[in-house]
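Number of protein chains: 2
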Amino acid sequence: MDTIINKVDAKGRVSLPSDYRAIVKELSTEIVCYRSLSSPCIEGCLEETLDKLAQDIETSTDFFSEAQDNLTNLIFGDAKRFPFDSTGRIVLTEKLLKHASIKDSAVFVGKGRKFQIWNPQNWEKEEARIRAEALKNRPSLRPQEKE
Amino acid sequence: MDTIINKVDAKGRVSLPSDYRAIVKELSTEIVCYRSLSSPCIEGCLEETLDKLAQDIETSTDFFSEAQDNLTNLIFGDAKRFPFDSTGRIVLTEKLLKHASIKDSAVFVGKGRKFQIWNPQNWEKEEARIRAEALKNRPSLRPQEKE
DNA sequence: TTGCATCCCATAAAATCCCATGATATACCA
DNA sequence: TGGTATATCATGGGATTTTATGGGATGCAA
Numbered sequence: 001m002d003t004i005i006n007k008v009d010a011k012g013r014v015s016l017p018s019d020y021r022a023i024v025k026e027l028s029t030e031i032v033c034y035r036s037l038s039s040p041c042i043e044g045c046l047e048e049t050l051d052k053l054a055q056d057i058e059t060s061t062d063f064f065s066e067a068q069d070n071l072t073n074l075i076f077g078d079a080k081r082f083p084f085d086s087t088g089r090i091v092l093t094e095k096l097l098k099h100a101s102i103k104d105s106a107v108f109v110g111k112g113r114k115f116q117i118w119n120p121q122n123w124e125k126e127e128a129r130i131r132a133e134a135l136k137n138r139p140s141l142r143p144q145e146k147e
Numbered sequence: 148m149d150t151i152i153n154k155v156d157a158k159g160r161v162s163l164p165s166d167y168r169a170i171v172k173e174l175s176t177e178i179v180c181y182r183s184l185s186s187p188c189i190e191g192c193l194e195e196t197l198d199k200l201a202q203d204i205e206t207s208t209d210f211f212s213e214a215q216d217n218l219t220n221l222i223f224g225d226a227k228r229f230p231f232d233s234t235g236r237i238v239l240t241e242k243l244l245k246h247a248s249i250k251d252s253a254v255f256v257g258k259g260r261k262f263q264i265w266n267p268q269n270w271e272k273e274e275a276r277i278r279a280e281a282l283k284n285r286p287s288l289r290p291q292e293k294e
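As you go down the protein sequences, you meet chains A and B in turn. Sequential numbering from 1 applies to the first sequence in my numbering. Sequential numbering from 148 applies to the second sequence in my numbering.
No lab work stands behind these hints, which were simulated from the structure alone. Worth double-checking, as some hints may not be accurate.
Straight-line Cα separation of at most 27 Å, DSSO-like style, residue types lysine-lysine; simulated pairs [claimed, not checked]:
hint	chain 1	residue 1	chain 2	residue 2
1	B	K258	A	K125
2	B	K199	A	K136
3	B	K258	A	K136
Could you build all of it, start to finish, from the sequences and the hints given here?
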């Protein structure tokens, strides 16, 4: 949960937000990150989340399962473990940073079982886009009052 | 639930009204807050309420669905846990306070499984608007006295 | 030896906890 | 019923702990 902006230093180190860390720590000492398939951002989760995804698709009889299978393979091929150090940081790779156009600061965006890491400006735009979309698709949520 | 006004101090702390707290305490030691999509106010609920919502989204679409991606970003990206301290307060963030234009006092409004936190003046207007709307849609309702 | 990655320590800022106080509501008793 | 004692609540300030972040040391590998 939550959206948090942290700095990325010259070594590529970023602090995993403490709220995130608290949750991860209960289950593991590392996270798994990979390039998002759909957006210019990094995605992260626990390894077990990826395993579960693979299992679900294996047992699925879904018509699209083959396509999903391919996507899953893409993710697995890209994914890498990132242990965090004693101060709670991970060291992101050039490949990931480049994919997300991240230079010296990064935004962590919660997604329930996963999270994303964005370039701050790009996330700002993306968030605006998503909000606009949500309002369009649910007219009942449209703001009514003006101030 | 009641409508209660409490002060917000320089640190962003607000007392969760004791009636609210009593209910929350039975199930958790913290609440989850996020910016209302439709109004200039903060919304709060129990984490399980959000989890349920996320589950509904997950089961209605697949892992790679763009719509699901957007919604989970919207919900979990914005929401944040707010544990209350030993005196029953939570510390609201700048982002939330700004969204609701809350400075030094806040109104808690019960909404069933959720509640909202408003800037007092804005809530006054909003309440008037809701009353007017209710009367318009149900002419049989006579105006009762206001307090 | 040199480059790279990991680990460790230091520090400043921020979030959290703890206690004190005043106010309000509730309970109790004459 | 009135009036006082008691408990609960809201609020303020200060102390303590956690976090984020920078710099440097250490170890491994090419």
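Practice problem: Quickly compare the C-alpha distance for K199(B) and K136(A) to 27 Å and report which way the hint goes. | Solution: Roughly 23 Å separates the two Cα atoms, so the pair holds.
Exercise. Please work out if K258(B) and K136(A) have their alpha carbons no farther apart than 27 Å.
Key: holds (24 Å)
Practice problem: Take the C-alpha atoms of K258(B) and K125(A), compute the straight-line distance between them, and say whether it is at most 27 Å. | Solution: violated (32 Å)
Comparing the model with each earlier hint shows a violation of hint 1 alone; every other hint is respected.
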